[in-house]
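The listed protein sequences correspond, in order, to chains Z and D.
Residue numbers for the first sequence follow this note's numbering, beginning at 1 and rising by one.
Residue numbers for the second sequence follow this note's numbering, beginning at 284 and rising by one.
Be aware that one or more of the hints could be misleading.
Unchecked claim - Computed footprint of chain Z on chain D, listed as stretches where at least three residues anywhere in the stretch have a Cβ under 8 Å from a Cβ of chain Z: (1) 298-304; (2) 307-315; (3) 378-390; (4) 393-406; (5) 410-419; (6) 528-539; (7) 556-562.
These are calculated hints, taken from the structure and not from any lab test.
Small disclaimer: the values here were computed from a predicted structure and weren't measured.
The C-beta atom is built at its ideal place from N, Cα and C for all residues, glycine as well.
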Amino acid sequence: MAAHTVRVRRPWGVVPTGLLLLGALYCLFPVCWVLIAATKSPGELFTTSTLAFGTGFFDNVAELFAYRDGVFWLWAGNTLLYAGGGALLSTAVSAVSGYALAKYRFPGRNLIFNLLIGGILVPSVVLAIPQYLLFSKIGLADSHWAVLLPQILHPYGIYLARVYATAAIPDSMLEAGRIDGASEGRLMTRVALPMMVPGMVTIFLFQFVAIWNNFLLPFIMLGDDGKFPLTVGLYTLLAAGANQPALYNLILTGAFLSLIPLIVLFLTMQRYWKTDLSSGAVK
Amino acid sequence: MNRSQRGAWPYLFLTPAIVLFTLFLAVPIGYTLYLATRRTRVSGLGLGRGARREVFVGFDNVAAALADGDLWAGWLRVLGYGTLVLVVMLGLALLFALLLDSTRVRLARFSRIAIFLPYAVPGVAATLLWGFLYLPSLSPIRDVLDIDFLGATTVTYSMANVAVWGGTGFNMLVLYTTLRAIPRDLYEAARLDGASELQIAVRVKIPLLTPAIILTTVFSIIATIQVFTEPTTLRPLTNTISSTWSPLMKVYRDAFTTGDLYSAAATSIVIAAISLVLSFGFLRIVRDRAFGEG
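Please model the entire structure based on the sequences and the hints provided.
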């Protein structure tokens, strides 16, 4: 992304620029629409122009937070717990595994890597229902653990960590550490993991978004709406309010508020959104 | 480089991943296979202890799933929906990635961020937004276009639109990142030979992108076969989506509404098998085509 400084200015095309702007417009349109809709009072929602801001935003927010004794707050808190905690654990597991797979030669290395990566081919439903049944057997279905634990292992995270460790950690650094008498455990915590931090931020972000957006697993696992994440909460809100236009404000405001954290994270962490970590390592 | 004196260390580092893999992948898969071959048999009137027993039935459940009309209807719907989503989403992702990479666009950074933005919107929220945009009483689109977006035939297109909206940005980013990693002087040579931007895109860039296109296609196929969130979320807004609209919705209904875990397990195995066959089949076809090897 630093390449544009050396790029020669060429005449720009109206058609390519126009096509891209059309794509941008298409992608921004629903988000802008819900931003406007969330500001409207129940009366304004059906009567005023769709592009005119309303006057009811703070009333809507207050009403949403009062809804069923503030269950929306709980959903937001749960989502943060699932996505934040899950992504943190997932990043740690991915980084340690990726480092081991990248920097050691040992019997079974390829088998273990292929098994871990192969997990990406297994449809989530093949896992979610038996996971629910097994969690029920040990009395943990409908608990926070049931949503948190199955989402820690992520094949893509391990793959990215391996690619990043291969590119970012020179073997000579590890050898130098060994000559100085450092144990393999110290080498990992003091030399390898600090060098992997930029890659780990990327893995954390992808995992955070994946868990934040997950619907199927919590939908299957949870019955108590006090443990729902925002996705399942919004779904129940929609299912309850789809036939009652008076509740539309609540649903739209909830949808809008649930978008803000991720969009902020997304815009502030632009430089970490990469899908190819091997090129990002050489800085 | 590293010899056996490192001994147990790599295995120790991999222990958390292997434990999680066993508990949350291997055991559930095994349990699904086990359930899929079992069924409750009721003897006599089904009263009293021992009247209901779980017995081994071999492939009966899988055979029943394969013969199920509801499931096939679901597959057909998902095939139509999935083809539409894959072609439009990946087509747009490729087009946008190539446009961003060409030197002839302005506001490229703004467009790139805007197109990637829906990736940060959960599927439930995306479906909810579009769902309301489809409602006649709210939609600014309905003011311009007089189409019933939630009718029996249009609902598939409306759902595909949600998936395209949500998925284009991520795939565009994968392709764009790959393009940025290609040395620029490769294009300079073509430019000096008098090739136009379009020719460079078609003759040079797309062939170099082929591995990334294959990868995004396979992942998109796997994701599309498992479509669940969009139809489930759209259901409260229309009566044109049945509870068995997609195969995954049927699995959910069997397991949690009907309480027939054995059928649900058998159906999920069929889904897994079809998704494996399709992704490997696709890989094979493109490999034969692109590289001329079998």
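Against the structure, the hints come out as follows:
{"no.": "1", "hint": "298-304", "verdict": "holds (count 5)"}
{"no.": "2", "hint": "307-315", "verdict": "holds (count 7)"}
{"no.": "3", "hint": "378-390", "verdict": "holds (count 10)"}
{"no.": "4", "hint": "393-406", "verdict": "holds (count 13)"}
{"no.": "5", "hint": "410-419", "verdict": "holds (count 6)"}
{"no.": "6", "hint": "528-539", "verdict": "holds (count 5)"}
{"no.": "7", "hint": "556-562", "verdict": "holds (count 3)"}
The earlier numbered hints are all upheld by this structure, with none contradicted.
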